[in-house]
Amino acid sequence: MTNALSPARLQVMWNRLLAVVEEQGQTLIRAAFSPIVRECGDISAGLFDAQGRMLAQAVTGTPGHINTMAEAVKHLMRRFPTAQMQQGDIYMTNDPWLASGHLNDFLLLMPAFRQGQVVGFTACTSHLVDLGGLGMGPEGSDIYDEGLLIPPCKLVSQGALNEGLMEIIRANSREPIANEGDIYALIACCEAGAGRLVETMAEFGLDDLEALGSYIIDTSRRGTLEAIAEVPNGVYHNLLRTDGYEAELELRAALTVSNKGVHVDFTGTSGCSSKGINVPLNYATAYSVFALRCIVGPDIPNNAGSLAPFTVDGPAGCILNAQRPAPVAMRHTLGQLMPDLVFGCLHQALPDLVPAEGASCMFDLPMRHAPEVLRGGGRGFAIEPVHNGGTGARPYADGLSATAYPSGVFGSQVEITEAVAPVTVWRRELRPDSGGAGTYRGGLGQRIEMSSANGAPFLVFLSVERLKYPALGRAGGAPGAPGRIRLRGAVEDLPGKCELRVGPKDHLIFETPGGGGFGPPEQRDPEAIACDLKRGLVTKAGVMRDYKGGKP
Amino acid sequence: MKLSPRLRLAIDIGGTFTDTVLVSGHDRIVGSTKTLTTHKNPALGAMEGARHVLAQADHGLSEIDGFVHGTTLATNALIEKRGARVATVTTEGFRDILEIAYERRYAQYDLSLEKPDFLVPRDRAFTIPERMSVQGQVLRPLDKGAIAPLLEQIVACGAEAVAICLLHSYANPAHEHRLRDSLLAARPGLTVSISSEVSPEAREFERLSTTVANAYIQPLMASYLERLQSLLQAEGLVCPILMMTAGGGMCTLDTATRFPIRLVESGPAGGAILAAHIAAQAGLDHVLSLDVGGTTAKLCLIDTAQPQTSRRFEIARAARFIKGSGMPVRIPVIEMIEIGAGGGSIAGVDRLGRLTVGPKSAGSEPGPAAFGLGGVAPTVTDADIELGFLRPEGFADGRIRIDTQAAHVALGEQIGAPLDLSAAEAADGVSRIVQESMASAARMHAVESGKDLGSRTLIAFGGNGPLHASRLARSAGVARILIPPNPGVGSAVGFLFAPVSFEIVRSRYARLGTLPVAQINALFAQMLGEAEVVVAQGAGDAERLTRRSAFMRYAGQGHEIEIALPDRPLTHSDLPALTEAFDAEYRNQFSRPVPGMEIEILNWSARVSTHSTPVRKCVENPKVRDHIATQSTPIICDVDGTPRQAALVKREALQPGDQIEGPALITEPQTTTLVSSDFKAQVDAMGNLVLTRHAKGGAE
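Chains as they are written, first to last, in full-length UniProt numbering: chain A, 1 to 552; chain B, 1 to 700.
It is possible that some hints are incorrect.
Said to hold, decoys possible - Here are the in silico distance ranges between beta carbons for each label pair:
#, chain 1, residue 1, chain 2, residue 2, range
1, A, Gly377, B, Leu184, 43 to 51 Å
2, A, Gly164, B, Arg511, 28 to 36 Å
3, A, Asp208, B, Lys623, 43 to 51 Å
Said to hold, decoys possible - No more than 20 Å apart at the CA atoms, straight line, and that leaves these computed lysine to any residue pairs for SDA-like:
#, chain 1, residue 1, chain 2, residue 2
4, B, Lys451, A, Glu199
5, A, Lys505, B, Arg131
6, A, Lys505, B, Ser133
7, B, Lys451, A, Tyr184
8, A, Lys74, A, Asp95
9, B, Lys451, A, Thr200
10, B, Lys680, B, Asn621
11, B, Lys323, A, Arg30
12, B, Lys323, A, Pro298
13, B, Lys623, B, Gln659
14, B, Lys617, B, Arg28
15, A, Lys540, B, Pro121
16, B, Lys451, B, Ser440
17, B, Lys650, B, Ala685
18, B, Lys451, A, Gly195
19, A, Lys534, B, Asp117
20, B, Lys680, B, Pro622
21, A, Lys505, B, Arg140
Rather than coming from a laboratory, the hints here were simulated on the basis of the structure.
All C-beta atoms in this analysis are idealised placements derived from N, C-alpha and C, irrespective of residue type, glycine included.
Use the sequences and the hints to build the structure in full.
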């Protein structure tokens with residue numbers, strides 16, 4: 001009675017594929033060398049059918065791999081025809097325009113064979129520590145400054161590693177051992193994924209993934225279209241002004257909701273920067289679709305069916321569709337603003353669901369010793385602590401203080417930062433009054449103060465946003481406090497994008513931005529204001545200024 | 001009366017039931033019972049259980065010479081937010097360690113989520129001027145003048161307990177000690193927990209959150225333990241009461257009162273200890289233990305009879321079972337994963353037409369539809385009833401009347417109708433989904449631990465473990481299952497095999513290549529000394545075991561691997577062997593070591609314990625004979641979904657050597673074992689049921 005493809009059986013198999021990609025993701029994270037992978041889960045793993053349709057993808061720490069992986073696999077399959085693939089082959093690229101927006105992200109693809117036929121594919125992506133060039137930072141003038149680009153090529157041929165390619169990768173990195181370890185981990189992840197896919201098919205008695213794939217994709221597409229049908233049709237526009245590097249930028253989006261799907265168009269957005277904050281379209285698409293799917297059908301897993309109704313485009317050469325050879329190393333600085341950009345459109349259609357703008361761009365603060373320290377026999381170090389501002393208030397609740405969105409990073413622990421680097425952190429506390437006022441208050445930013453612990457100077461590589469343009473409120477809510485970076489006692493604040501030298505006596509102060517408020521502040525529940533005051537999240541002066549004293 | 005051998009009593013107070021076991025001599029169970037937990041005064045339920053089993057075996061409380069107790073009281077107080085009003089004191093400039101936490105949302109796509117509640121709102125979070133460096137040197141002395149105003153604030157906010165966590169106090173606890181002593185001198189009635197004692201590991205958020213959790217339950221647990229002790233002593237108990245800890249060891253009431261956080265999740269730890277004991281008896285090197293109750297399933301990997309351990313877990317997960325949604329606690333624990341799949345888990349159909357099971361549970365109230373206690377949603381238990389695996393007669397010792405029709409209707413209407421399936425097909429679907437989610441959790445856990453599942457033996461217990469074992473085993477690729485005697489009270493039985501032990505993990509950052517050997521030896525001498533004081537209280541002059549280990553990783557990499565150290569002070573000549581040991585274990589887990597990478601160590605562990613109860617090895621194999629079942633019952637086969645007749649056997653009727661082919665149901669008062677059609681069951685010399693899977697499924 002329960003034949004092989006009853007709904008319950010299909011559901012079990014779908015659950016299994018989702019479990020397999022999560023297992024692959026875990027395997028990658030465990031073995032990773034890059035702190036950003038370990039702390040943020042900046043990886044992905046996916047399973048594809050023989051046509052290259054994505055059936056399951058791991059939910060990992062950063063949304064930058066959504067769609068990008070699916071598109072990259074299609075590209076690699078066009079470049080390397082399935083008919084020529086052999087068991088044990090693995091293909092790879094780190095081309096930012098094919099993989100995931102900058103050189104550090106390596107994408108591997110492996111065919112899975114059953115009874116001599118390619119029955120599907122497994123793909124995985126991970127962030128490698130260093131690919132040479134100028135290193136992680138926005139200072140490159142073109143992609144060639146940023147390090148080694150590997151076009152689509154065969155990394156493993158019938159189980160044999162392409163040693164020449166590995167030599168090239170090692171020779172072009174400051175961290176050759178870590179890179180090698182990460183590539184081995186990616187290979188192991190592909191092999192494990194392909195193996196598990198074939199085992200699973202054997203266990204369920206499947207010769208191919210056609211019927212299962214169609215069930216997953218059709219169910220997901222139908223569910224997604226139903227969710228889209230609940231969004232009023234129309235074209236919604238938004239403009240987001242942002243700090244930029246050498247000049248301020250305008251990011252524009254037009255969001256079209258129809259019965260067929262949701263389309264985002266970036267027409268009108270500023271052109272590229274001369275520095276590496278430009279965003280390839282695949283990456284801007286990933287963050288835009290992530291944001292939309294947080295509101296429209298978040299219960300449906302990512303796959304070809306749930307992603308297809310969402311499309312994104314923008315004029316070639318605008319900063320959200322950067323063309324070769326633009327520098328793109330820090331594409332996540334603006335990429336993380338995509339949710340605020342599309343939420344500004346979607347709010348007009350769904351006023352009760354979409355939050356206000358948040359700090360959004362994380363304060364990741366790569367630091368290392370000043371070059372002369374090593375010459376003097378001092379201690380070298382390199383760390384990348386990550387901290388966040390507040391999220392935007394929601395139409396039904398306050399924003400979250402010092403919390404990452406849209407990324408899923410973990411904030412660094414002070415005791416660990418101090419154990420691995422000669423710095424002392426003197427303060428890490430919420431900034432009172434930094435959450436945008438509103439019926440619902442934005443999340444608070446935080447204030448972090450640090451200095452050298454051993455009198456040796458160090459460098460900080462900044463690429464952060466919202467120092468000039470704060471997170472805006474919605475529906476009458478006030479903006480959150482902008483971020484600030486300065487040295488104690490200095491007259492002028494520091495810019496958000498620069499290479500900063502911190503001297504032996506300097507005391508560096510970071511303030512992360514607060515999230516925007518939602519709804520008119522005068523409609524905030526007086527009890528909520530009193531509670532914030534009691535907890536020191538707002539000051540008396542702040543209540544007088546932002547809430548007219550907080551009296552009903 | 002015969003000359004009484006050692007007589008030991010174990011009581012495990014769980015959320016629904018209190019399990020009591022009386023063991024004579026080595027491991028002969030002479031009495032066991034399940035009584036309802038008395039939530040208002042759990043000591044009363046414990047006494048009732050004790051009286052019951054003592055009466056069964058005709059003994060008095062005064063004859064008991066070993067008493068082990070575990071309780072979920074501490075866990076429940078944290079989950080139900082019934083603890084003390086706590087204030088925190090942290091280093092000036094770091095008031096918001098709890099508010100900021102890990103700066104992370106636990107669910108990627110959920111815009112409506114709130115961060116977990118860490119029990120101390122910001123208006124009870126205070127600071128004091130002071131600062132230690134990472135090496136434990138004073139960067140800023142403790143401001144003594146600030147203590148009096150601090151105390152005023154603490155008193156003014158009505159705090160009953162204080163959690164102190166100063167930066168780098170694991171490296172130098174002097175400021176925490178001085179602050180605690182000053183607060184207690186001024187206010188002797190205050191309860192004060194300090195982080196350098198509760199959880200001396202680096203990472204300020206987790207250290208503080210552990211210290212807060214300890215302070216939160218301390219007053220409650222102290223009064224409960226005192227009440228229990230006087231009640232038992234009044235009834236004649238003369239031996240000391242030992243408490244089961246989450247780490248799988250026992251400690252005294254004094255230690256339990258100081259560090260009640262160590263008592264959290266001690267019941268499940270008892271189950272893992274039992275499984276480890278059975279693994280040693282049966283000579284099983286690789287085991288997966290499965291404990292399924294009413295609302296959750298708990299899994300533990302056990303290698304060479306040692307349950308896997310961890311130094312961190314989460315309690316009171318807001319969105320149940322989602323990582324990161326709970327309160328992190330950093331203490332040595334037996335590592336278990338818990339998933340929301342038990343008998344009470346509710347099945348449904350989501351808006352996409354997908355069949356879902358759990359994590360929402362009907363629990364014991366309102367319970368599964370078939371219990372007729374008000375539950376109307378179909379649950380896993382309802383599916384097992386519809387499939388014929390749970391027989392209505394004699395369910396739960398006859399305490400619960402089973403309404404098979406109610407299960408049939410709930411499944412048919414709420415699952416079958418929307419999916420166009422019969423009630424039996426719906427039940428089969430529910431069964432498959434739940435087995436897949438348990439198996440996925442097991443596989444994921446094995447992957448996270450760098451271990452393999454397929455070669456393991458599954459040891460299943462708990463009220464629903466034996467019922468689901470063969471289905472889980474099939475999905476997880478496991479071919480062998482063992483069901484111990486008295487599986488329904490497995491955790492309490494496990495308590496009696498635990499050693500008296502105490503483990504301390506402390507942070508001290510070092511590179512292996514340049515290890516400051518003298519400093520590390522001094523650190524170990526101190527940690528072992530502290531652990532010995534705790535163990536001496538409960539172990540008297542019993543022989544001691546000590547264990548030292550280091551948590552190593554490649555510099556810059558995240559995953560730590562525990563490497564055993566020689567049980568003596570280190571010398572420089574040990575370092576090459578330690579490097580080799582790390583590389584070997586790394587290769588074991590990740591297939592390739594990374595030559596040339598530096599190895600760093602942040603955490604060091606020292607454990608002092610008595611020997612575990614010696615293991616009586618299972619030597620002889622009884623002669624195999626087929627058991628001829630006289631009864632059978634209709635079931636829906638879990639392999640292929642077809643109607644079959646299953647043999648129906650009472651476990652008490654089986655003798656060592658008896659063999660039964662699946663499909664069969666083996667019933668006993670507290671649980672039922674399902675032997676699927678692709679398995680056969682055999683009773684071994686110790687009375688365990690051993691289920692083995694045929695090379696090919698039995699359905700063909």
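Any of the earlier hints contradicted here, and which numbers? No numbers; nothing is violated.
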